[in-house]
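Throw the hints in and build the complete structure from the sequences for me.
For the protein sequence lines, the chains are A and B, in the order given. Each step along the first sequence adds one to the number in the working numbering, with nothing skipped, and position 52 is 52. Residues are numbered in the working numbering as their position in the second sequence, beginning at 1, plus a constant of 115.
Accuracy of the hints is not assured; some may be wrong.
Okay, derived cross-link-like pairs now, DMTMM-like style, lysine to aspartate or glutamate, Cα gap no bigger than 25 Å in a straight line [said to hold, decoys possible]: (1) A:Lys102 <-> B:Asp210; (2) A:Lys97 <-> A:Glu52; (3) A:Lys102 <-> B:Asp116; (4) A:Lys78 <-> B:Glu190; (5) A:Lys73 <-> A:Glu15; (6) A:Lys102 <-> B:Glu168; (7) B:Lys172 <-> A:Asp26; (8) A:Lys97 <-> A:Glu61; (9) A:Lys73 <-> B:Glu169; (10) A:Lys97 <-> B:Glu197; (11) A:Lys78 <-> B:Asp144; (12) A:Lys102 <-> A:Glu52; (13) A:Lys102 <-> B:Glu214; (14) B:Lys124 <-> B:Glu177; (15) B:Lys172 <-> B:Glu197; (16) A:Lys78 <-> A:Glu10; (17) A:Lys55 <-> B:Glu197; (18) A:Lys55 <-> B:Glu214; (19) A:Lys70 <-> B:Asp116; (20) B:Lys172 <-> A:Glu52; (21) A:Lys55 <-> B:Asp210; (22) A:Lys78 <-> A:Glu61; (23) B:Lys172 <-> A:Glu10; (24) A:Lys97 <-> B:Glu214; (25) A:Lys73 <-> B:Glu177; (26) A:Lys102 <-> B:Asp144; (27) A:Lys55 <-> A:Glu10.
Pulled from the structure, derived: some chain A residues nowhere near chain B, Cβ distances all over 10 Å [said to hold, decoys possible]: (28) Ser7; (29) Thr27; (30) Gln44; (31) Leu47; (32) Gln56; (33) Gln57; (34) Asn58; (35) Thr60; (36) Lys78; (37) Ser80; (38) Asp81; (39) Ile104; (40) Ser112.
To be clear, the hints were calculated from the coordinates, so they are not data collected in a lab. Note that the structure is predicted; figures quoted are calculated from it, not measured. Don't be surprised by glycine CBs; every beta carbon is placed ideally from N, CA and C.
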Amino acid sequence: AQTVTQSQPEMSVQEAETVTLSCTYDTSESDYYLFWYKQPPSRQMILVIRQEAYKQQNATENRFSVNFQKAAKSFSLKISDSQLGDAAMYFCAYRWKTSYDKVIFGPGTSLSVIP
Amino acid sequence: DSGVTQTPKHLITATGQRVTLRCSPRSGDLSVYWYQQSLDQGLQFLIQYYNGEERAKGNILERFSAQQFPDLHSELNLSSLELGDSALYFCASRDLGGEQFFGPGTRLTVL
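This is how it looks when you write it as structure tokens:
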């Protein structure tokens, strides 16, 4: 069965510094989607970045980028120039790219930003 | 604002009761997903509908049921409520590219 693991329950970063959040997953599929979602204290789920497994190029959205290692089944999120507003829970998620349209979320990493 | 709406925002009820949570997807989106997030926990996928039909099922209890109506809004029905059902319930809709857009959630408190 597919699983998503985030081995860092909590992380902290100094403002303006860079932090990397880890995510590993297990699947036998060759094509799928991977996502990072941010959940600030408001509890709203906000999509940060997405990656399609067949695309080798790592996705980038402004200060957010991923390191997608398909063979290692690793999908880490790098946040550059961290800002106070980046403090949130971050969830890694996996979605099938088939008719079985289910999404699995990791347990989350709580990120604190230190001024 | 994701374009997904959920009502009510908050719901307080007693054990044994039944409640209905409502979700309207973004205009044009045919898929609706329901998730449960208990305190300090990740999201648990409950169920997904596509254009009125059930598409995928997760860890949804038998006391819970859902449906999607012809106008594509969806309702999640929770019955015989227990204290452990207290959680944040999210609805999300999905566009053709696979991206999910989450609603603001309904916070259910069972006393």
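Results of checking the hints against the structure:
Distance hint between Lys102 of chain A and Asp210 of chain B is fulfilled; the C-alpha atoms sit about 14 Å from each other, no more than 25 Å. Between Lys97 of chain A and Glu52 of chain A, the direct Cα distance comes to roughly 9 Å. Compliance with the 25 Å bound is thereby established for this hinted pair. Under the criterion of a C-alpha separation no larger than 25 Å, the hint pairing Lys102 of chain A with Asp116 of chain B is consistent with the structure, at around 24 Å. Proposed proximity of Lys78 of chain A and Glu190 of chain B is contradicted: the alpha carbons are some 37 Å apart, above 25 Å.
Taken as a hint, the Lys73 of chain A and Glu15 of chain A pair is broken in the structure, with Cα atoms around 30 Å apart against an allowance of 25 Å. This hinted pair checks out: Lys102 of chain A and Glu168 of chain B have alpha carbons roughly 14 Å apart, not beyond 25 Å. Distance hint between Lys172 of chain B and Asp26 of chain A is fulfilled; the C-alpha atoms sit about 20 Å from each other, no more than 25 Å. For the given pair, Lys97 of chain A sits about 22 Å from Glu61 of chain A by alpha-carbon distance, which is consistent with the 25 Å threshold.
Distance restraint check for Lys73 of chain A and Glu169 of chain B: the Cα-Cα separation of roughly 30 Å exceeds the 25 Å cut-off, and the hinted pair is therefore not satisfied. With a C-alpha separation of about 35 Å, the suggested pair Lys97 of chain A and Glu197 of chain B falls outside the 25 Å cut-off, and the hint is violated. The hinted pair formed by Lys78 of chain A and Asp144 of chain B fails the criterion: a straight-line CA distance of about 30 Å is larger than 25 Å. Taken as a hint, the Lys102 of chain A and Glu52 of chain A pair is honoured in the structure, with Cα atoms around 15 Å apart against an allowance of 25 Å.
For the given pair, Lys102 of chain A sits about 12 Å from Glu214 of chain B by alpha-carbon distance, which is consistent with the 25 Å threshold. Under the criterion of a C-alpha separation no larger than 25 Å, the hint pairing Lys124 of chain B with Glu177 of chain B is consistent with the structure, at around 24 Å. Between Lys172 of chain B and Glu197 of chain B, the direct Cα distance comes to roughly 21 Å. Compliance with the 25 Å bound is thereby established for this hinted pair. For the proposed pair Lys78 of chain A and Glu10 of chain A, the alpha carbon gap of about 15 Å is at most 25 Å, so the pair holds.
Of the supplied pair hints, the one linking Lys55 of chain A and Glu197 of chain B is violated, its CA atoms being roughly 45 Å apart against a limit of 25 Å. As the CA atoms of Lys55 of chain A and Glu214 of chain B are separated by approximately 16 Å, the hinted pair is consistent with the 25 Å bound. With a C-alpha separation of about 33 Å, the suggested pair Lys70 of chain A and Asp116 of chain B falls outside the 25 Å cut-off, and the hint is violated. At most 25 Å may separate the alpha-carbon atoms for a hinted pair to count; Lys172 of chain B and Glu52 of chain A meet this at roughly 23 Å.
Using a Cα cut-off of 25 Å, the hinted pair Lys55 of chain A and Asp210 of chain B holds, with the two alpha carbons roughly 19 Å apart. Of the supplied pair hints, the one linking Lys78 of chain A and Glu61 of chain A holds, its CA atoms being roughly 10 Å apart against a limit of 25 Å. Simply put, Lys172 of chain B and Glu10 of chain A have alpha-carbon atoms about 30 Å apart, too far for the 25 Å limit, and the pair is violated. With a C-alpha separation of about 11 Å, the suggested pair Lys97 of chain A and Glu214 of chain B falls inside the 25 Å cut-off, and the hint holds.
Restraint check for Lys73 of chain A and Glu177 of chain B: the C-alpha separation of about 34 Å exceeds 25 Å, so the hint is violated. With a C-alpha separation of about 16 Å, the suggested pairing of Lys102 of chain A with Asp144 of chain B holds against the 25 Å cut-off. As the CA atoms of Lys55 of chain A and Glu10 of chain A are separated by approximately 30 Å, the hinted pair breaks the 25 Å bound. At roughly 14 Å, the least C-beta separation between Ser7 of chain A and chain B is larger than 10 Å, which holds for a residue marked as non-interface.
With a cut of 10 Å on Cβ distances, Thr27 of chain A stays outside the contact zone with chain B, its closest approach being about 15 Å. For Gln44 of chain A, the shortest C-beta to C-beta distance to chain B comes to about 6 Å, within the 10 Å cut-off, and the non-interface label is violated. Look at Leu47 of chain A: its CB is around 6 Å from the nearest CB on chain B, not clear of 10 Å, so calling it non-interface is violated. Every C-beta of chain B lies more than 10 Å from that of Gln56 of chain A, the closest at about 18 Å, which supports listing it as non-interface.
Residue placement check: Gln57 of chain A keeps its beta carbon more than 10 Å from all beta carbons of chain B (closest about 17 Å). Listed as outside the interface, Asn58 of chain A is consistent with that label: its C-beta sits roughly 18 Å from the nearest C-beta of chain B, beyond the 10 Å cut-off. Look at Thr60 of chain A: its CB is around 16 Å from the nearest CB on chain B, clear of 10 Å, so calling it non-interface holds up. Every beta carbon of chain B lies more than 10 Å from that of Lys78 of chain A, the smallest distance being close to 21 Å; the non-interface claim holds.
The Cβ of Ser80 of chain A lies farther than 10 Å from every Cβ of chain B, with a closest approach of about 23 Å, so its non-interface assignment holds. For Asp81 of chain A, the non-interface assignment is confirmed: its Cβ lies about 25 Å from the closest Cβ of chain B, beyond the 10 Å cut-off. For Ile104 of chain A, the requirement that its beta carbon stay farther than 10 Å from each beta carbon of chain B is not met, with the minimum near 7 Å. Against chain B, the non-interface label of Ser112 of chain A holds: every CB pair exceeds 10 Å, the least being about 15 Å.
Violated hints for the displayed structure, listed by number in ascending order: 4, 5, 9, 10, 11, 17, 19, 23, 25, 27, 30, 31, 39.
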